[in-house]
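*Asks:* So you can see what is in the structure, the chains are spelled out below.
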Amino acid sequence: MTPCAPFEDRLIDYADLRPGDRAVVDEHLAGCPACREYLATLREIDTKLTADMRAIQLNPERYAEVRRQTESVRPVVRASRLPEWLDFVAACAVCAFGYGLAWHSGVIAYLISTLSSSPN
Amino acid sequence: MPTTRDDEIRALLVRKRFTEAFELAMSAYGGRMLGLAFSILGDRAEAEDAVQDVMVRIWRALPQFRADSAVSTWIYTITRNRCLTMLKQRRAHEPVSLDEPGTREAAESVVAAPALESDVWTLLGTLPLPYRQALTLFYAEEKSYEEIARILDMPIGTVKTHIHRGRKLLANLYAEARSK
Numbered sequence: 070m071t072p073c074a075p076f077e078d079r080l081i082d083y084a085d086l087r088p089g090d091r092a093v094v095d096e097h098l099a100g101c102p103a104c105r106e107y108l109a110t111l112r113e114i115d116t117k118l119t120a121d122m123r124a125i126q127l128n129p130e131r132y133a134e135v136r137r138q139t140e141s142v143r144p145v146v147r148a149s150r151l152p153e154w155l156d157f158v159a160a161c162a163v164c165a166f167g168y169g170l171a172w173h174s175g176v177i178a179y180l181i182s183t184l185s186s187s188p189n
Numbered sequence: 090m091p092t093t094r095d096d097e098i099r100a101l102l103v104r105k106r107f108t109e110a111f112e113l114a115m116s117a118y119g120g121r122m123l124g125l126a127f128s129i130l131g132d133r134a135e136a137e138d139a140v141q142d143v144m145v146r147i148w149r150a151l152p153q154f155r156a157d158s159a160v161s162t163w164i165y166t167i168t169r170n171r172c173l174t175m176l177k178q179r180r181a182h183e184p185v186s187l188d189e190p191g192t193r194e195a196a197e198s199v200v201a202a203p204a205l206e207s208d209v210w211t212l213l214g215t216l217p218l219p220y221r222q223a224l225t226l227f228y229a230e231e232k233s234y235e236e237i238a239r240i241l242d243m244p245i246g247t248v249k250t251h252i253h254r255g256r257k258l259l260a261n262l263y264a265e266a267r268s269k
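Just so you know, the sequences run in chain order A and B. Read in order, the letters of the first sequence are residues 70 to 189 in my numbering. Read in order, the letters of the second sequence are residues 90 to 269 in my numbering.
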């Protein structure tokens, strides 16, 4: 089973061929048993290796050991200062907004005048 | 609405449900991690050591996962890096000098005998390391060339070349083995 040299690379990349290239290869395949056999071999390998990869199972004892280890170790959560910093900025912004709103509506002026006119 | 296991794992990570995310990730990708480790190290017991170690590392690092790549890509990258480190450590203890011309490739091509599943898998183990890695990822999850390139930290063109040459070699070896 030796494929025709000009088609060997294109048969290996058959799945990725552009429609035009594929049409040329298909035309050749129709009249070439050696290249058909080569493509069939490639597909057989693809099928077997895909099945093999999916069939691989972890050793249950090993996985049980992993679970024992993970039970005694916590995931490492790295503290970031960014959220705290943003919280502080957000709190300042809210306070400034509230103060500005109150000043604008005359509430603060009213409170000051009320407090200054109180008997004590 | 989560559509893939990768999405489900991400959703669990966002909610800081690390135990469930870990269980799901390991059940989804554990076998393929082992396949990748075996394809690099060529020894089942050593591959299981590597995967066991990588799993604990992944557990500890789960909160650091950033959603700029697929969970599986992240997991395979850690697995591959750990296996390559083990391979280097093993080489450091080998009596032959791997810097001699021709010796490195020979050492990389040698894979210990135990086949996982089939004759084709055994043949895959005889290919040079770069082809083995690329093909394992290619067949493991039908990953895109871009993702394989990210995991292997190499250009897409190189990945395509490795897969192409690997399949060519495999086809020849397979035909040869069948004709015997």
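Certain hints may be false.
Derived coverage of chain B by chain A (criterion: at least 3 residues anywhere in the stretch with Cβ under 8 Å from a Cβ of chain A; other residues may be distant) [said to hold, decoys possible]: (1) 143-153; (2) 171-179; (3) 216-224; (4) 259-267.
List of simulated lysine to aspartate or glutamate pairs, EDC-like, C-alpha gap at most 16 Å [what the hints assert, rightly or not]: (5) Lys232(B) to Asp78(A); (6) Lys249(B) to Glu265(B); (7) Lys249(B) to Asp85(A); (8) Lys257(B) to Asp82(A); (9) Lys177(B) to Glu135(B); (10) Lys257(B) to Glu96(A); (11) Lys117(A) to Glu230(B).
Don't read these hints as lab results, they were simulated from the structure. Here the structure is a predicted model, which means the values were calculated and not measured. Ideal placement from N, C-alpha and C gives every residue a C-beta, glycine not left out.
*Asks:* Determine for every hint whether it applies to the structure shown.
*Replies:* Results for each hint:
no. : hint                   : in the structure
1   : 143-153                : holds (count 8)
2   : 171-179                : violated (count 0)
3   : 216-224                : violated (count 1)
4   : 259-267                : holds (count 4)
5   : Lys232(B) to Asp78(A)  : violated (21 Å)
6   : Lys249(B) to Glu265(B) : violated (24 Å)
7   : Lys249(B) to Asp85(A)  : holds (11 Å)
8   : Lys257(B) to Asp82(A)  : holds (10 Å)
9   : Lys177(B) to Glu135(B) : holds (13 Å)
10  : Lys257(B) to Glu96(A)  : violated (22 Å)
11  : Lys117(A) to Glu230(B) : holds (13 Å)
When the structure is compared with the earlier hints, violations turn up for hints 2, 3, 5, 6 and 10 and for no others.
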